[in-house]
Amino acid sequence: MIELVQLERRHDDFPKRNTRVFVVSVEGLDDARKTQADFPHLIVLADQARSLSEMAGLIHPHAAPDGGDADVPTTILVDRHGTVRWLYRSPEVIARLSPDEVLRAIDRHIP
Amino acid sequence: MPGGKRISYNERLANTPHGSPGSNKDMTSSSSAAPHRFRGRLFLLLGLGLAVLGVVAYVVQISLQRLMAPWYMPTLASLGVVLVVMSLLERRTVWRVFALLAVVLLAGAELAFLYALRLPPYTGPIAVGRPFPAFETRRADGTPFTQRDLAGDRNNVLVFFRGRW
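Going down the list, the sequences are from chains A and B. Position one of the first sequence corresponds to residue 1 (the numbering used here), numbered consecutively onward. Position one of the second sequence corresponds to residue 1 (the numbering used here), numbered consecutively onward.
Chain B on its own, in the form it takes in the complex (with noise of 0.2 Å):
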């Protein structure tokens, strides 16, 4: 190499953070980086699994017309993010760090999502054990009816919903 300094072999090796001469300590660390890149990728991946798991359960809770509310969707997602945290604990990759976030911000939108949607206890005027108090409202056809209507025969069910949307 004309002009240049010539490194030997051994130096080159020596300035290498694990080599020295004669030593095979790079080998060994390869082969005790590959179980913990399998471990930190399958962490990785089960992480991000249970937080798209919860989204998809919710879909298909919806599709089969059950009305409850789907805490297991932040857990899951907070599942996921111990799981990505010890994914980048095992190695730190800016994907990693990416994948935490989306984790984080998505546990937090779900459980945003579901305190948003809380409701305080009922505190109104209607008692158990006493008489439904007076009122006076009308059915489909326009016909009046009142607390007065809802003795009689039969019992009665009171379902109030939100509306026709």
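So that you can see chain A by itself, here it is in the shape it has in the complex (with noise of 0.2 Å):
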């Protein structure tokens, strides 16, 4: 959560680039609500099927505090014809890339 909290931060810089911010994890409806709450500038989806996090093989089996399974931390930059630009996984489940990071990615990737 706490890349949610440096993304809504920053979230001012991401219009000036022509972006918006979607933020993914397999919870259900209630948390997305709560999520969506608490960060007003991201867009929020809930992955509770995993339609797209299994699509996209980014579960992490038995990853969640509870024994169940969550998303493994990955950033995905796709313009605006819906193609993929570039992807990040951290080597460490407890990295995260900076706003700074994910703001020079942009201006790198897309043009």
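Among the hints, a few may not be true.
[As the list claims (entries may be wrong)] One-sided excerpt, in silico: chain A residues whose CB lies under 10 Å from chain B: (1) Asp12; (2) Met55; (3) His109.
Worth flagging that the hints you see were computed from the coordinates, not collected in a lab. This structure is a prediction, so every number in the text was calculated from the model and none was measured. All C-beta atoms, glycine included, are put in the ideal place defined by N, C-alpha and C.
Relying on the hints, combine the two individually framed chains into one complex.
Here it is, written out as structure tokens:
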């Protein structure tokens, strides 16, 4: 969740690059609504059915504290035509990109 | 001393490890041991300090919300092991052996912690330069969201996160 806090703090920098920020987890709608209320400038997707996470190969089995599955922390840039421009998966599960790194990736990979 | 054998001062001195009558070896060995002891203690304190510094730095990193792998932790603890070994080479004491064990265990635990958190490289179907594959999920308000919603007049960042916990 720390990465969401940091992205919300820097939300002004994304529209300047004509970019929206979606945050995705396999939690249900109730949790997604709470997350949306906490981070109003991010667009929260509730992938409880895992259509997106499983299709993308981003499920981390038994990684949640209750033994359930969770998403592998990953950042993907998709341009306005729906084409994937960049994918970043940290080599360690505790590492995340900072907002500055995401913004630099946008500047570098999306024309 | 009734019933006991009297031992002369010279005999006693001759039986001590470095002693011999009329020599000042004891004094020279103790004066040369002092710098060794000081150096050994310095290595010991530096070694323990580095091991602790790694843990303190990690706590500071988390409190600053910096999400990166703390590889400095086992690195500092390993340097601490080297320094504690050097202190043991200067002078062997039980406490230094215990200190070495503690720092080795700490370095090992930190390495194991980091290796347990490693992720395999991504091998999924999403490829750079290709269209985002088809999917259907929901927004927080329950409305559907598909790959078609990614196309439009704006670029998109998708951040997959682990959850609210």
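Requested in this report: Tell me if A:His109 is really an interface residue toward chain B, meaning its C-beta lies closer than 10 Å to one of theirs.
Outcome: Nearest chain B Cβ about 8 Å off; hint holds.
Query raised in the report: Close enough to count: is the Cβ of A:Asp12 nearer than 10 Å to one in chain B?
Result: Given a least distance of 14 Å, the restraint on A:Asp12 is violated.
Requested in this report: Double-check A:Met55 for me: the hint is only fine if its C-beta lies closer than 10 Å to a C-beta in chain B.
Outcome: 5 Å, holds
In terms of the numbered hints stated before, the structure departs from hint 1 and from no other.
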